[in-house]
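*Asks:* The whole structure should be built from the sequences, with the hints applied where relevant.
So the chains spell out like this:
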Amino acid sequence: MASLQRFFKREPRAPLEYIKSFRLRAWIGAVLLFLYAPLLVLIVFSFNDSKRTIVWKGFTFKWYSKVFENEGLREALGNSLFIAVACTAVSVLLGTLAAFVLWRFKFPLKGLLESGLNLPIVVPEICMGVGVLMFFAWLKWPNDMPWPLNLSQIIIAHITFAFPFVAIVVRARLESFNKEYEMAALDLGASQWQAFKDVIVPHMAPGIVAGALLAFTLSLDDFVITFFASGPGTVTFPIKVYSMVRFSVTPEVNAASTIIILITVLATVAAMRLQNPPKPTTN
Amino acid sequence: MANDDVIIKIENVTKRYGKVAAVDNVSLEIKRGEFFALLGPSGCGKTTLLRMIAGFEVPTEGKIFIDGVDVSNVPPNKRPINTVFQSYAVFPHMSVFDNVAYGLQFDNVPKADQYQRVMAALADVKLDHLADRKPDQMSGGQRQRVALARALVKRPKVLLLDEPLSALDAKLREAMRFELTALQEKVGVTFVMVTHDQDEALAMADRCAVMERGRLMQTANPSSLYEFPSNRFVADFIGSVNLFAGKLVVDEPSHAQFYSEELGGKVFFDHGVSGAANENMWVGIRPEKIEMIKHVKKGPTPAMEDCPPDCNVFKGVIKQISYLGSESVYEVMLPNERIMRVTRPNLSRWDQEDFTWDDEVWLCFHGDSPVLLQN
Amino acid sequence: MLAPTIWFLFFFVAPMALVWGYSFGENDGLLGVKITGTIKNYAQAFDPEILKVLRESVVLAAIATFVCLILAFPVAIAMTFASDKAKSWLLLLIMLPFWTNLLIRTYALIAVMRTEGLINHSFEWLHGIAVMVGIPVGDYAPMPLLYNKFAVVIGLVYVHLPFMVLPLYAALDRLDRSLIEASLDLGAGHLQTMYKVVAPLALPGIAAGLVITFIPAMGAYLTPDLLGGPDDLMIASLIERQFKRANNWPFGSALSFLLMYITMIFFVLRSYFEAKGGKVAVH
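Residue numbers (our numbering), protein chains in the order written: chain Z, 1 to 283; chain B, 1 to 375; chain A, 1 to 283.
Certain hints may be false.
Pair ranges (Cβ atoms, derived) [to be verified]: (1) P202(Z) / L126(A): 53 to 63 Å; (2) N12(B) / R177(A): 23 to 33 Å; (3) K126(B) / Y36(Z): 54 to 64 Å; (4) I70(A) / D136(B): 45 to 55 Å; (5) F61(Z) / G229(A): 29 to 39 Å; (6) N73(B) / L126(A): 17 to 27 Å.
List of simulated lysine-lysine pairs, BS3-like, C-alpha gap at most 30 Å [as the list claims (entries may be wrong)]: (7) K85(A) / K140(Z); (8) K85(A) / K19(B); (9) K31(B) / K186(B); (10) K87(A) / K20(Z).
Output of the computed footprint for chain B on chain A, the stretches with three or more beta carbons under 8 Å from beta carbons of chain B [stated by the list, open to error]: (11) 174 to 184; (12) 195 to 201.
Note that these hints are calculated values from the structure, not bench results.
Glycine included, every Cβ here is placed at the ideal spot set by N, Cα and C.
*Replies:* Encoded structure:
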């Protein structure tokens with residue numbers, strides 16, 4: 001309560017300290033309420049001991065155990081995590097490579113390739129989904145392969161839209177690299193490869209980790225492209241939830257969603273920390 | 001506020017950011033019509049003080065009066081004060097004319113008068129021929145003039161200038177010094193300038209306030225700051241000075257003596273020095289106030305006769321010479337290995353050849369040259 | 001560089017080219033498609049019924065974008081002038097829902113807004129109190145919050161708000177704050193300063209925010225599908241139907257490419273605004 005009082009206290013403020021204005025605080029509070037209230041309600045009612053989800057009937061974990069007992073949901077969750085991990089691994093490799101080469105070298109058609117790589121980011125998901133669907137149909141890609149090969153279409157599609165994101169994050173990180181560090185390493189006797197390994201890679205590292213987390217959440221999050229890329233038998237978590245949501249709101253879906261929210265929150269916080277490490281105070 | 005000549009009165013103003021006091025209990029009066037400078041090293045709080053006068057920061061404690069009115073809680077757009085920003089802050093999406101006219105619309109100046117006033121203000125800064133330009137087609141110096149015109153056209157009671165010359169190149173900076181002082185005399189508005197450049201402050205201001213770590217160290221006119229610094233920081237910050245720690249051993253109304261271990265001897269003052277005899281004291285001697293005389297090795301101390309009576313004399317050896325054209329700076333090592341810095345004007349074209357490395361010299365300065373300083 | 005390029009060409013450019021090719025094709029038999037170079041698929045898009053869906057997509061997305069701008073601008077302003085610590089907290093709070101699974105967020109909205117959801121439930125409860133204290137308010141009829149255009153707009157705003165905050169914040173943060181101070185110093189009020197100085201200078205950022213929000217909002221599939229009624233079709237649902245139900249791949253391809261063209265036009269507009277803004281020296 002004390003912090004709430006401090007939050008609303010009127011104190012003398014400098015003209016540009018807009019964040020101390022009461023009206024702006026109320027506005028931000030309303031926006032955050034709008035963003036968070038539905039999610040919080042969802043999480044709270046995943047612990048509610050009632051099938052009818054709007055009245056609080058007591059605390060329970062039973063929906064979580066139901067989630068793990070639900071064969072279909074468990075399989076979907078497993079598939080989603082497998083896809084996300086595979087997609088992250090390949091995306092990081094491709095994205096980092098693309099970022100480094102585009103940053104370092106000049107070659108013909110570089111500009112074209114650079115803007116081309118942005119396309120998967122700006123193209124509407126539905127268009128890409130359609131493209132992937134038609135492409136695999138055209139290739140007559142087999143639909144009845146055993147696990148995990150039956151996920152290959154989804155993984156390929158996810159990599160295709162995820163690795164440009166990784167490239168952008170790593171590239172942004174490389175922009176802040178002072179090339180004199182590398183020259184200093186070479187000047188002090190390091191070989192090109194040693195300079196790359198000892199100076200450039202450590203600088204890229206936070207970008208790579210952030211990019212990896214980004215690719216992971218993007219893959220875990222994707223519904224539309226997966227919806228089109230998946231064969232009839234394969235189900236990922238969003239697809240499973242989609243089919244459940246169409247019929248009703250159940251605490252079981254709440255519980256499964258809460259698990260996914262928890263995973264994304266952790267990944268996001270980690271990624272933000274890595275991208276903006278606590279800066280040493282300047283001046 | 002009995003004194004009608006005071007335009008800005010700062011009363012025990014403190015500004016804290018968290019636990020750090022950027023401005024620490026500063027009281028100050030700025031007189032109507034003067035060119036006032038806030039001088040100090042970076043981070044001393046001078047800009048924070050200026051921003052509090054302008055209204056961009058709110059004092060944690062204390063009050064600010066402008067022309068007798070307490071403005072501590074008045075927002076910047078309601079204060080009779082205007083600012084020339086360090087980056088000039090000329091609006092890039094408006095023409096020069098629109099920039100200067102911008103502030104007038106809030107003063108309810110009729111459109112017809114607006115045009116006249118804008119053009120007059122632009123003429124004051126010699127930009128009336130560029131009224132239609134966009135700022136991105138102008139040099140830094142020109143944009144600064146736009147910023148000046150834009151502020152002065154509002155006829156403020158005080159004009160604040162934040163490091164006005166820092167973004168200009170050396171030659172232009174020199175010229176702008178004279179122009180700014182001329183402009184100030186012409187428009188008669190009180191100017192308050194923030195600068196870290198002591199030359200700038202001494203050359204332009206009628207009075208300066210020297211600040212350090214949020215505190216006001218001394219407020220005086222430029223020559224008093226240089227010749228009669230009231231403490232060690234001011235003496236050291238303004239110009240160059242030789243400082244030696246020691247204590248007062250004779251303290252009479254007509255003369256005084258100061259003993260310094262560091263200097264390896266006594267310094268004689270031909271006047272009484274005020275201030276309690278304190279253990280922690282310093283003597284300061286400006287390098288240009290020391291005369292350097294060649295030590296001729298015959299006789300006991302033959303060169304001593306060349307020094308006037310009442311003179312302080314020390315022996316040393318020249319270790320370093322920097323030739324600066326108009327003058328040369330010599331670093332002379334005293335017998336106890338401390339360095340005394342001496343400057344000598346190069347009055348003739350051969351003067352710098354009078355002394356060379358490892359010359360043994362006498363250093364003399366008159367009894368009214370040194371200043372006694374407290375920490 | 002070879003690996004990312006090949007991946008990009010093979011799994012992105014090729015599928016998109018295939019879609020483009022099919023958009024000039026005709027159904028041939030039950031499964032086959034023959035590329036005949038016809039433009040009848042594009043002509044079909046000007047069918048009044050299809051045109052109505054396209055128009056509605058644009059209108060709904062535009063309304064949502066506008067609401068996002070109104071909601072986001074004060075938040076971005078407050079963020080720009082907040083202390084570093086408050087800034088990173090706000091950024092995290094705005095970004096967290098963005099990374100949370102889209103389907104989960106939509107589901108959370110459904111859970112709150114449905115007839116027996118929290119909002120209606122709360123109103124019913126208030127209504128009950130009103131009845132108890134003797135205010136003649138009649139019987140409580142749950143508000144139809146879901147399965148209409150209102151729900152679609154709310155959903156689009158909910159999902160796309162972070163898209164708007166970030167570019168606005170980026171643009172405002174780059175603004176030399178002494179320009180704002182100069183405006184205040186010269187006598188302008190805060191609103192006048194926003195209107196006369198901040199808005200013109202942040203125009204590239206505002207344009208970026210509008211485009212970045214509008215494009216995915218217009219191409220959104222899940223939100224209108226789950227929150228809208230049967231008549232609230234948006235373009236993405238229309239495309240999906242051609243593939244999953246109507247089995248008219250050529251027409252679906254043509255619609256996809258229409259959506260792509262609109263996207264491209266907006267991105268060109270955006271870079272135009274950015275170039276224009278670049279001339280105005282913002283440092």
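*Asks:* Which of the numbered hints are not met once you compare them with the structure shown?
*Replies:* Violated: hints 4, 6, 7.
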